[in-house]
Amino acid sequence: MKLRIILVGQPNVGKSCLLNALVGPEVIVSNYPGTTVEVTTAKKMVAGGEIAFLDSPGIYSISDRSEEEKVTEKALFEEEIDGAIIIADSVSLERSLYLASQVLEAEIPVVIALNFVESAEKKGIIIAHKKLSKILGAPVIPINPLKKWGIEELVNALLEIKETKGKTFTVRYDDHIEDAIREISSQVTRTQTQLPKRFVALRVLEEDADFYGYLRDKRTIEAVKESLIEHPKVAEDIAITRYGTAAFIAGKVTHLVHVEEAARRLDERLDGALLHALGGPILTILTFVTIFGALLFIGSWIQDVLTGFTEYLLSLIHLGVGFGGTALEAGLAGMMAGISIALPYVFIFYILFTLIEDAGLLSRYVVNLERFLRWFNLPGRAIIPLALGMGCTVPATRSTRILFTKKEKFFTAALLSCVPCSSRIAIIMGVVGYFGGKWLALSVFITLFVSFLVWGYAVKRITRIEKKPVLYELPELPPYRIPSIGNAVTKSWIRMKTFVYLVVPLLFLGGVAYAGLDALGLTNVIVAPLSPITWWLDLPNVAIIPLVFGFLQKDLTGSMLLLVLGGNVSSVLTPLQIYTFGVAATIGIPCIIALGMYIKEFGFNKAVLLTAASILYGLLFAGLAWRLISLF
Amino acid sequence: MTEESDILRIVEEDILRILGEEKSKKVSLESIKSEIKVTYLFITNAIKELEREGLVQSQGDSIVLTKEGVGKAENIVKRHLVLENYFKIKTKRTRSEREAHKMTDILEHYISKEVIEHIKKLSTFKTEVIPLTKLALNKEGVITDILFPDYGLFERIVSMGIVPSEKIKVMYKIPDGMVIYVGGKKFALGNDIAKGIEVLS
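Residue numbers (numbering that gives the first Met the number 0), protein chains in the order written: chain W, 0 to 631; chain X, 0 to 200.
To be clear, the hints were calculated from the coordinates, so they are not data collected in a lab. Where is the CB? At the ideal position from N, CA and C, for every residue including glycine. This list has only true hints and no planted wrong ones.
Each computed BS3-like pair below joins lysine-lysine, with the alpha-carbon atoms no more than 25 Å apart:
| no. | chain 1 | residue 1 | chain 2 | residue 2 |
| --- | --- | --- | --- | --- |
| 1 | W | K232 | X | K24 |
| 2 | X | K166 | W | K232 |
| 3 | W | K121 | W | K147 |
| 4 | X | K184 | W | K251 |
| 5 | X | K166 | W | K251 |
| 6 | W | K147 | W | K1 |
| 7 | X | K184 | W | K121 |
A short list of chain W residues far from chain X (calculated; beta carbon distances all over 10 Å):
| no. | residue |
| --- | --- |
| 8 | E221 |
| 9 | L305 |
| 10 | G436 |
Kindly produce the complete structure, drawing on both the sequences and the hints.
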C-alpha cells in the first residue's frame, strides 16, 4: 500500500520536528516561519507499504492569502493525497481546530496529532483527546516527536485513514448561511472540480475568487448575498462561526487546573528586556556582535590547528615530480586551505544561528530589526530572507517568496548581495581576520554595513518601491525554549553536508585547475585583461584569480588566494591590501549557484543585470574605500 | 421582578435599536409594535420619553431618529451585535441560532446584573469601545469588533484567535506597533492593524 499524507499545522507547532521523528533527521527542523516555503516530500517504509509525507509551510488558515497559504492550499487540492495529519497545539487547541475544521470542510481525511501535551499540562491545560476524537470523528493521537512517543500510534492511524471518510465533523453555520450554502452548492459544476460542493460554496461565500469559476452561473453569488439580509458581511460571519465552533469544541475537551507558572515569569522578564523600545535593538545588535566575536575567537583557534595540521600533512607527502604531482599537490593544498578557512567559521556560525533560532530568540530580534527595514520601505517579513542570508544566499533568495509584491521580492534579493553569507563571513574572518588581525576584520564588517546602506538606498531609488502601512505581519513570538546542542549540531551538519560533498571536491579541483593554468602558462590570459581591476584595487595582478574562482564557489576565494600568493598572505600584502581584498570579495551576488537561484526566481535578464551591477558595485566600493582610508 | 421603569427603559432601548438597524433610520409605529411584544401603552410612553430627550421625532405614522438619536442608537445596535456574536460563539451547538437571538434580545438589557465578568463590561454605558491602540499597557480588554475592509486580513486575524469576546492584553509597545497576548499566545502587531480591533477596557 502506498499513501501520500500531507502535514498541516500552524507555525511553531512542531511540524518539521514530527516529520523528523517520522522519517529521520533529513529534514531541517526550524523554529522560524518562512524557512519552509515549499512542499517537501519524505518517504517512510512501513510494515504495510510506503508512506510519502509532504511537509507544508506553517499556516493558521487555508484561505489562499499569503504565499505560505497558497503553497499549502495547492498541495491540499491539486496533489494526489490520501489524507492529512493536522498537528494541533495543545496549548491553543482552538486555533488548531480552526485549521482542522477547514480541512474537514474539504472532506480530506485527517488524523490529528496532538503536540505539546506535556507543556500544556505544565500550564494546567489537560485535554481529553478521546472525547475530541469522538466529536471530530477522526483519530486524535497525543505525540511527543522529541521523545518519539505516539509516533507508532500515529503511523497505525494513518494506515486506516481512508476509513474516516464521510464520518467526520463539519461546522454548522446559522440557518441563513446554510440556505446560502445549499443554493450555491446547487450551482457547482462537476466538470471543473472534484472538490466537495459544500466546500466550494463556502469558499465562494468567503470571497475567494479562484472558486467563482466552478459555478454554472456567477450571478448567483450576488443574488444569494443580496438575499442574506441578516448577514451583510457573510464572509466575516463564516470565519467567526468557524472560530466560535473551534473554541467551543476546544472548551468542551479542555480541563483547566490552576498551576504556578514560574517559567512564564521568566519569559516575561526576558521579553521585557528584549522587546524594550530602546533596549531591544541594543541587545539585538550586542548579540550579533557577540556572535561574531565568538566566531572570530573560536574559529581562528580551530583554523590555527587545522593550518598546522595541513602543513604537517603536506610536508609528509612529496608529490612534486612532473605535472601530475604538482597538480595533485596544488589540489590538496587548495582543499586543505579551503577547509581550514571556511569550515570552522561556517560550521560554528550555523550552530550559533541554530541555537538562537531554537531558543525562540530570533523572532524577538526580527521584531527589533523590523524598524530599520522601514528605511527601505520594505515590510517587516523581509528580515527573514535577510537573516537567512547570513547563512547562505541561495535559500535566502528562495525565501523572498514570502514577500508580497515582485518589487519587494527583487529588492530584498538585491539587498542580499551586501549581506555576508557564512562563506563570506569565513573570508572576512579566515583571511582578513587571520592574516590582518581582528580589528581589520571588524573594519571590513563596518565597510560592508555602509555598503549595504548605500546599495539599499540606490536600489530603493531605482526600483521606486513605495512605502506601505506598518503591519508587522503578525509574527508569533513563540515561548522561549532551552535549545538542545545535539539538535543544533545535527541541523548544522545537515546544512553543512553540501559543503562537504560539493565544496570539498571543488576546492580540490580549483587547486588542480590553477596548477593546470599555471603549467600551461594560461594564468596570464585571465590576469592580464582584468588587470585594470587589480590596479583599481591596488592588489597584485594575480589576486584576480581568487576573486574569479570565488564566483564559481565562494569558499575557493581563500584557498586560491593562499595558492597564488604562496602561503603567507601577511608577508605579501599590506594590511590595507588585505582589507581591500576582503571588501571586494564579499560585496555582490556571491557565486554562480546564487546566480542560478536568481535566474530561477527573477528571470535571466534581471538576474544577470543584478549580479553584474552588484559585483561592479563591490569592486568600485572596495577601491573607493581604500583610497578614502589612505587619505588619513 | 422587573419594575415598570425598567420596562420603559428596555422598550426605549429596543425602539432605538430597531431604528438604528434601519438604513433610513425611519420605522413605522406598526412594525415597532409587531417587533416589541409589550402593551401599546409602554410603546407610546417610551416614544414620548424619547421625544422629550430629543432622540426621536414622530412623522405621521412613523418614527425617525434625530441626529443625537443616531449616535445613541448606533451604540445600542453595536452592543446588541456584540452580545449576539458572543452568544453565537459561546453557545454554539448547545442552543439553536434562533435561541441565541432571543437570548441576546433578553439579556442585553439585564446583562449588568448577570453572569460572566467580561460581558458585564459590555453592557454598561460608561465604558466605551476604543481601538486597541488606545488600550493601556498590561490592562485586559475584551475584543468587541474587528473592522477591516479586506476580508483576507479579517480572516487571518480571526484564524489567529483574535475574535470578538476574547480577552486581549497589550504587553509591550514597540515602534509603530505592539506585542499582544491573546488566547495564550504572543503576537507582534502593527498599529495599522491594531487600529481596526475594537476593545472594551
